[in-house]
Amino acid sequence: MIDQMRRAYAIAKKDVRIYYLKGPVIIFGVLSPAFLFLAFMIGRDLPVDFLIAGLLGMTIFFTSTSVAPVIAPTETQTRNLERLAAAPISITTILFGDVLASVLFGIAISLVPILLGMALGVSITHPFILALGIVLAAFCFSAMGLIFSSAPTSMTSTVMMLSMMVKFPLVFISGIFIPVQELPLWGQALASLSPLTYITDLCRYAFQGACHYPVVVDIGALLVFLAAFMAIAIKLHERSLPKRL
Amino acid sequence: MKNVIEVKELTKDYNGLTAVDHINFEVEEGEVFGFLGPNGAGKTTTVRMLTGVIKPSFGSVSVMGFDLGRHPIRAKEAMGVVPELSNAYADLSAWNNLQFMAELYGIPKRVAVARAEELLTRFDLYDRKGHTVKTFSKGMKQKLVTAMSLMNDPEILFLDEPTSGLDVQSARLIKEMVRELRDTGKTIFLTTHYMDEASQLCNRVAIINHGRIAAIDAPEKLKVRIGGLQYVEVSFTAPVDVSDLSAMTGIAGVRTSGDKIQLYTDEPDRTIRGLVDYSQSSDLEIVTLNTLTPTLEDVFVKLTEEA
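Going down the list, the sequences are from chains P and D. Just so we're aligned, residue 1 is where the first sequence starts under the working numbering, counting upward by one. Just so we're aligned, residue 1 is where the second sequence starts under the working numbering, counting upward by one.
Keep in mind the hints are simulated off the structure, nothing from the lab. This structure is a prediction, so every number in the text was calculated from the model and none was measured. Only true hints are included.
Partner residues aside, some chain D positions facing chain P, computed with beta carbon under 8 Å: (1) K76; (2) Y89; (3) L92; (4) N96; (5) F100; (6) Y105; (7) G106.
Calculated lysine-lysine pairs in the DSS-like style (CA-CA distance at most 25 Å, straight line): (8) K235/P with K55/D; (9) K260/D with K223/D; (10) K109/D with K13/P; (11) K134/D with K22/P; (12) K8/D with K243/P.
Backbone N, C-alpha and C define an ideal beta-carbon position, used for all residues, glycine too.
Can you make the complete structure from the sequences, with help from the hints?
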């Protein structure tokens, strides 16, 4: 078990070197949620701490789901996946390594909106809850990214299209632009199905001291989504790996 | 000698098509085992099942006593794999690729550094250790992938077409490495299209065709087994009438190849004497005269054409 964890860490280091430490990836990770956020917020009179909480939730979401989905199709194309399949590691280890790299990237980039908020005078009321929420959400969204990459294809564009089709609608139903309590009942029901809702809610709690769901529910929901996404990703990749080789 | 690989009833079906059909064989410790077959015969599928990359539809593989289905991690730790196509990470340096392999196989850092330096030196890549693999030539990539497969000091090395498309020096280096590994008691499972290579390196070869094993034996025994293909190859200072030669006693067939004439016979001694008499009576000089046994290629062609 410890051996497999060490090997997963080696895969994470490899992923960071190859896929994450690239200028365009980092810039895209910061800019895409920022632009989307500005497009919807400019002209609306909302408190800065509300805005920063939404921006933070969205940044973790976009960064943690940005690269993980393309690793498997890319390594199918370059045949590196066969190298990993022949190594003494399980599929779970490979996926956990990919998740770990994505989590580190998500956490690192999430510092950008936090620092921006602090520069604008936003104070963090519950730093421990914020840190816990960021880590949990980064794991949760990274595992979600792996589900997108389970399609047995070597075409990254196919995976990106799939990923975008799911990611963008989620942004609009997760209480980022409109607080969950202001949504109609059907909207609130939809929001409760999105993991993004719970990290956004936790961020609001951390910055503003108030949230729609109890903190325990937010954390519990993120844990449930994480476990479910990881289990689904492992199952799907176990099925698709032989088709990739 | 104990068996380090045991294959029982190994089968792989793809959507109703049987790529590998209930094959059985063993590989002994310390031998170089050649695995030959025409394209599409099931070679790569077999190697992928033996290395745990894909799961068989039926049957079992045991590596170093570990059932690959039940203990894949332990079995894979004993192996090194050089796949048909180079698959080092192009965006990583040679050094980082080697260290990554060491980490995947749980090699301690200190050992990994020493081994990487030794392998890079041995494969003449030490000066390029910091360069990314995408700047390497095909030969350099293949040498690096071979070095990567040796990072865990494996008991069994799987080589899938290791010299395919390489320049003479790189191919020779890899063949030399196979010999050195064999001399140190390692077991090599070699898939190749080059019959000369198999003949030079392998203690035994298996020939697979249409997913089934057509023959397994030592190369020389296989050559004897197909028999009837010995021939005497001769060339003279001037063209000769081939029908004169085919009329000689004991000649089963005659083929010409450039200025050489190949006389197929079961009695090479009698044929040589006949050729000497013929040259004297025709006032011709013999330029070359060779007795040739069937090559592994002849065996391969015969067995794969028969099936």
